[in-house]
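**Q** Protein chains in written order, with our numbering: chain A, 483 to 906; chain B, 34 to 143.
Certain hints may be false.
In silico SDA-like links for lysine to any residue, alpha-carbon gap of 20 Å or less [said to hold, decoys possible]:
(1) K854(A) - K119(B)
(2) K735(A) - Q715(A)
(3) K723(A) - E706(A)
(4) K854(A) - R566(A)
(5) K695(A) - G724(A)
(6) K854(A) - G111(B)
(7) K771(A) - T590(A)
(8) K854(A) - D755(A)
(9) K870(A) - S81(B)
(10) K119(B) - S808(A)
(11) K119(B) - K771(A)
(12) K119(B) - G724(A)
(13) K596(A) - R515(A)
(14) K873(A) - S81(B)
Pair ranges (Cβ atoms, derived) [said to hold, decoys possible]:
(15) D629(A) - A52(B): 28 to 34 Å
(16) A56(B) - P730(A): 34 to 40 Å
(17) E736(A) - A49(B): 54 to 60 Å
(18) Q140(B) - D738(A): 45 to 51 Å
(19) P645(A) - G99(B): 24 to 30 Å
(20) Q140(B) - P694(A): 15 to 21 Å
(21) A49(B) - V792(A): 27 to 33 Å
(22) A550(A) - S107(B): 35 to 41 Å
Since the hints were derived computationally from the structure, they do not count as laboratory data. Nothing here was measured: the structure is a model prediction, and the numbers come from that model. Here a beta-carbon is modelled for each residue, glycine too, at the ideal position from N, C-alpha and C.
Given next are the chains, with one letter for each unit.
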Amino acid sequence: MQTRRDFLKAGSAAGALAAASYAAPARAQSVGRVVVVGGGYGGATAARYLRLWSEGRIEVTLVEREPAFVSCPLSALVVGGSKRIEDITVGYEGLARLGVKVIRGEATEVDAEKKTVVLQSGQKLPYDRLVLSPGIDFIPGEVAGLDDPKAFDTVPHAWHAGPQTVLLRRQLEAMKDGGVYVITIPLAPYRCSPAPYERVCQVAWYFQKRKPKSKIIVLDANEEIQAEKALFQAVWNGPYKGMIEYRPSNDVKEVDVATRTTVTDLGDKQQADVLNVIPPQRAGAIAGKAGVISVNQRWCQVDWLTLESVVRPGIHVLGDSAFPASVMPKSGHMANQHAKTAAAAIIELMSGRAPNPAPMMSNTCYSFVDDKRVIHVTSTHAYDAAEKTMKAVPGSGGTSATASELEGRYGFAWARNIWADMLG
Amino acid sequence: MRLFVTGLALCVGAHAALAQAQAQDANLARNLAAACFSCHGTDGHAQSGMASLAGRPQAEIMRIIGEFRSGARSGEQGTLMPQLVKGYTDAQMALIADYFSRQKPVQGAP
């Protein structure tokens with residue numbers, strides 16, 4: 483088995499070379515301060531590219547509550563057991579070396595008038611522009627029984643990678659052979675549309691090897707599989723045949739945590755040995771505090787040239803929190819693309835110039851159907867000046883023809899590359 | 034690191050919108066290429082398992098892009114790129130390829 487060091491170290495020579503050539507000038511003339519809240523795919527990329535592309539002229543502070551970055555993409559492999567949490571964890575040292583001031587803390591308030599972010603510690607961070615990339619939070623009250631965060635110690639969501647991912651893995655390991663794993667999927671849009679189905683594949687892969695009498699029940703609030711439907715079905719009806727019961731239009735509204743029982747809107751009950759509830763989601767809480775949630779009380783509408791909030795100038799919103807353009811997924815890859823467009827635009831704006839009038843973004847999600855084989859979905863999005871939105875370019879994009887080990891290797895290579903691209 | 038207006042020369046036949054975008058954004062080539070960095074590494078300096086594009090001649094990159102477009106590179110030779118390149122015009126790709134050709138090549142890479 484690949485160890486974390488093998489997994490991450492591959493290509494570190496190139497990384498070192500890159501780091502050396504990107505060392506920022508020690509005392510570049512500052513053109514202003516940007517505070518970035520959230521060090522995931524969006525925020526970390528924004529912090530890095532603001533430093534790189536301004537050649538050190540923008541002072542960047544990154545506020546992140548966790549000590550290190552843990553990737554949601556590939557976290558399904560930790561659930562399945564072929565990777566460990568360390569394999570998908572990367573520190574923030576690379577950003578610090580580039581001159582990003584990394585503060586471990588929780589942003590609790592934004593004063594848009596005074597242009598200040600307040601941390602839980604009481605520390606105040608003034609900014610000229612603010613970048614919010616807080617990912618998703620769960621909508622309170624949507625699933626009865628889950629409003630006390632302690633519920634997730636028994637019924638993990640594992641929709642933020644980290645301790646929750648490990649908890650779900652431990653529960654699966656502790657489950658008896660012949661047990662039932664139930665996963666619930668909220669109505670779209672939610673973070674990463676193929677990810678629940680990928681997770682089902684990973685649990686099936688583990689059960690098949692170690693707990694063959696066990697069963698998987700998928701309670702999907704949606705009418706059908708939300709991404710790569712034919713490809714997931716081919717795997718569920720192929721190597722995992724008979725293991726997975728898929729129940730569409732099953733919207734779970736209530737959970738009895740003590741007995742691990744779900745209740746749908748129609749009153750159907752299902753008891754589980756391991757219950758994995760993915761609740762309905764909205765923009766991260768700090769977006770609400772900053773007053774930038776503007777769509778359905780859930781998402782933040784942005785100007786696609788700059789990722790600037792349409793309701794609060796000076797505040798840019800990236801990644802899952804942004805109200806997506808048509809057919810634009812909520813994914814780590816997409817957040818990385820948002821971040822580069824935003825970083826470039828912020829630098830131009832802070833230098834008194836106009837941003838790129840024709841941005842392009844592309845997305846790819848690699849989903850692992852077992853420990854080695856992968857399927858992808860990809861799309862490319864161009865700015866439409868007339869409608870002021872991003873649109874998928876007609877005729878572009880698509881999916882794998884079938885799951886393959888070749889794409890499995892690309893999936894791992896994708897992770898190494900994008901982690902280096904965002905964290906150095 | 035910075036691409037100057039010399040890229041304009043490559044834009045023969047480019048869509049007017051692209052020329053206009055380039056006139057407004059001196060960093061357009063870099064900003065377009067940045068979509069590729071996610072997989073091929075920042076400025077085309079890839080980690081293992083993906084091809085480095087830094088320092089490769091523009092003509093070579095464009096030839097390969099053409100092969101993805103035409104289907105000459107498909108199947109195992111083109112799992113994803115054929116779908117991705119169809120999202121870009123040739124003029125955009127020429128700018129992107131020009132940007133990569135100007136980056137310092139990775140040691141030991143082709």
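**Q** Look at each hint and say if it fits the structure.
**A** Hint check results:
{"no.": "1", "hint": "K854(A) - K119(B)", "result": "violated (28 Å)"}
{"no.": "2", "hint": "K735(A) - Q715(A)", "result": "violated (26 Å)"}
{"no.": "3", "hint": "K723(A) - E706(A)", "result": "holds (18 Å)"}
{"no.": "4", "hint": "K854(A) - R566(A)", "result": "holds (15 Å)"}
{"no.": "5", "hint": "K695(A) - G724(A)", "result": "holds (10 Å)"}
{"no.": "6", "hint": "K854(A) - G111(B)", "result": "holds (19 Å)"}
{"no.": "7", "hint": "K771(A) - T590(A)", "result": "holds (8 Å)"}
{"no.": "8", "hint": "K854(A) - D755(A)", "result": "violated (27 Å)"}
{"no.": "9", "hint": "K870(A) - S81(B)", "result": "violated (38 Å)"}
{"no.": "10", "hint": "K119(B) - S808(A)", "result": "holds (19 Å)"}
{"no.": "11", "hint": "K119(B) - K771(A)", "result": "violated (41 Å)"}
{"no.": "12", "hint": "K119(B) - G724(A)", "result": "violated (39 Å)"}
{"no.": "13", "hint": "K596(A) - R515(A)", "result": "holds (14 Å)"}
{"no.": "14", "hint": "K873(A) - S81(B)", "result": "violated (32 Å)"}
{"no.": "15", "hint": "D629(A) - A52(B): 28 to 34 Å", "result": "violated (55 Å)"}
{"no.": "16", "hint": "A56(B) - P730(A): 34 to 40 Å", "result": "violated (51 Å)"}
{"no.": "17", "hint": "E736(A) - A49(B): 54 to 60 Å", "result": "holds (57 Å)"}
{"no.": "18", "hint": "Q140(B) - D738(A): 45 to 51 Å", "result": "violated (60 Å)"}
{"no.": "19", "hint": "P645(A) - G99(B): 24 to 30 Å", "result": "violated (48 Å)"}
{"no.": "20", "hint": "Q140(B) - P694(A): 15 to 21 Å", "result": "violated (49 Å)"}
{"no.": "21", "hint": "A49(B) - V792(A): 27 to 33 Å", "result": "holds (28 Å)"}
{"no.": "22", "hint": "A550(A) - S107(B): 35 to 41 Å", "result": "holds (40 Å)"}
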